[in-house]
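Protein chains: 2
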Amino acid sequence: MEHTNMTQHISRRYNQELEDIRNRVLAMGGLVEQQLLDAMTALEKLDGSLAEKVVERDHEVNAMEVAIDEECNLVLARRQPAASDLRLVVAVIKTITDLERIGDEAERIARMVGSMAEADGANRLFTQIHSLGQHVRRMLRGALDAFAHLDTEKAVDVWSEDRAVDREYESLMRELMTYMMEDPRSIPSIFKAIFAARAIERIGDRSSNICEYVLYLVHGKDVRHTRLDQQKIEDQD
Amino acid sequence: MEHTNMTQHISRRYNQELEDIRNRVLAMGGLVEQQLLDAMTALEKLDGSLAEKVVERDHEVNAMEVAIDEECNLVLARRQPAASDLRLVVAVIKTITDLERIGDEAERIARMVGSMAEADGANRLFTQIHSLGQHVRRMLRGALDAFAHLDTEKAVDVWSEDRAVDREYESLMRELMTYMMEDPRSIPSIFKAIFAARAIERIGDRSSNICEYVLYLVHGKDVRHTRLDQQKIEDQD
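Those sequence lines, one after another, are chains F and L. Mapping to the working numbering: the first sequence position 192 is 192, numbers consecutive. Mapping to the working numbering: the second sequence position 177 is 177, numbers consecutive.
One thing to keep in mind: the hints can contain errors.
When chains are identical, the list treats them as one kind, so a pair holds in a single copy or across two.
As the list claims (entries may be wrong) - List time: in silico DMTMM-like cross-link candidates among lysine to aspartate or glutamate, alpha-carbon distance up to 20 Å:
| # | residue 1 | residue 2 |
| --- | --- | --- |
| 1 | K192 | E168 |
| 2 | K94 | D69 |
| 3 | K45 | D85 |
| 4 | K53 | E33 |
| 5 | K94 | D205 |
| 6 | K192 | E52 |
| 7 | K94 | E33 |
| 8 | K192 | D104 |
| 9 | K53 | E70 |
By construction, these hints were calculated from the structure, which means they are not laboratory data. Note that the structure is predicted; figures quoted are calculated from it, not measured.
Same shape as in the complex, but just chain F (with noise of 0.2 Å):
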């Protein structure tokens, strides 16, 4: 009796320890999120001291990451997890090294910000840019909410809507062009433009990519390199 209260304690214990770690995952996605809304809006309003505020919460980003990892190593090391618990440790280190990089984005993102607030014709560039970044926004909040409910019909919606985002970035880039042969005085500015898309183009493929460790952890096999991730490179062209 004593024996089993004793293990009911420590799967108690254990339990709370991932749920501690998934815990800790949204919180650091909700940083995440937080970034990149900061830095779309310095872009739009060309506000340097909220981008600048983007540059120097970035180290807290890092930092979270940091301790996740430490910590699901530690579980690992510890408690040897099994099945889907080993899953569910694998795919946060695999997530939380794509919100830490989704974190870099956002603080390229505030950095184009200063440079381009004195370029000739920035806001119709940024009106541009702005439907793309509502958009990988979504996928970001859409990849969170499959992984905090382990959703997979959500991870796939999201995980499909990547490609939506890889077309409205080749028609934004095809336009940015067309600009610069009309005005080649602008290519300077609108290189930061193409930067500043490039970085949320981006942030769409690791949302993406957070999606299939949410299907992995759920279905426990490799979803990637389907035929329709297969599928999915040969519509790019």
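Use these hints to put chain L onto chain F, whose structure you have.
Just chain L now, kept in the frame of chain F:
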């Protein structure tokens, strides 16, 4: 006595499994190096059939990632590795993700070849990109060497090299921007060159990630987001 033999036997098998994983990562690294070399060669020689070969072989890289990932998960579940063995498995899981994505970038470079082949002045653009490509290929080789010999000195060297690649990339971008302004008709082909250069620069980032995992593996703590890393980001501005 019999028990000791059994333990030694199990431990020998376990060591063999870890060694096998390491070797498979190096084999995957070799294939990814070849893909990058072929993609660069196809780009420089505008060799469409070599480019096609790169695109076709990408699924081999993907299959290797999935297989190694599965083996890592099996070892985690069955052997419950601790300390440096655990760090090896975690470092491998992260390393193969970056190797797979380097493979994707090589595929992206190869896919540029077809559409660039007819572009005006394509040769001039490729000469510029060639040197960046050589630099990044040396980084990837160095990262794989550092992983193979757990050589932390080499890992730090390659990791620092990423700053030089970033500077070379920025200067290439400025040059491409000047070409565009001089001859707006060249804008469409220069756009392709920009994306190829971007893919190459990303391979530098990912090689540098692999070096971080080697440092984590050897030193047992996270060296990312350190003061040095912060300095790197500031230098990029």
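Q) Hint numbers the structure violates, sorted upward? A) 3 and 9
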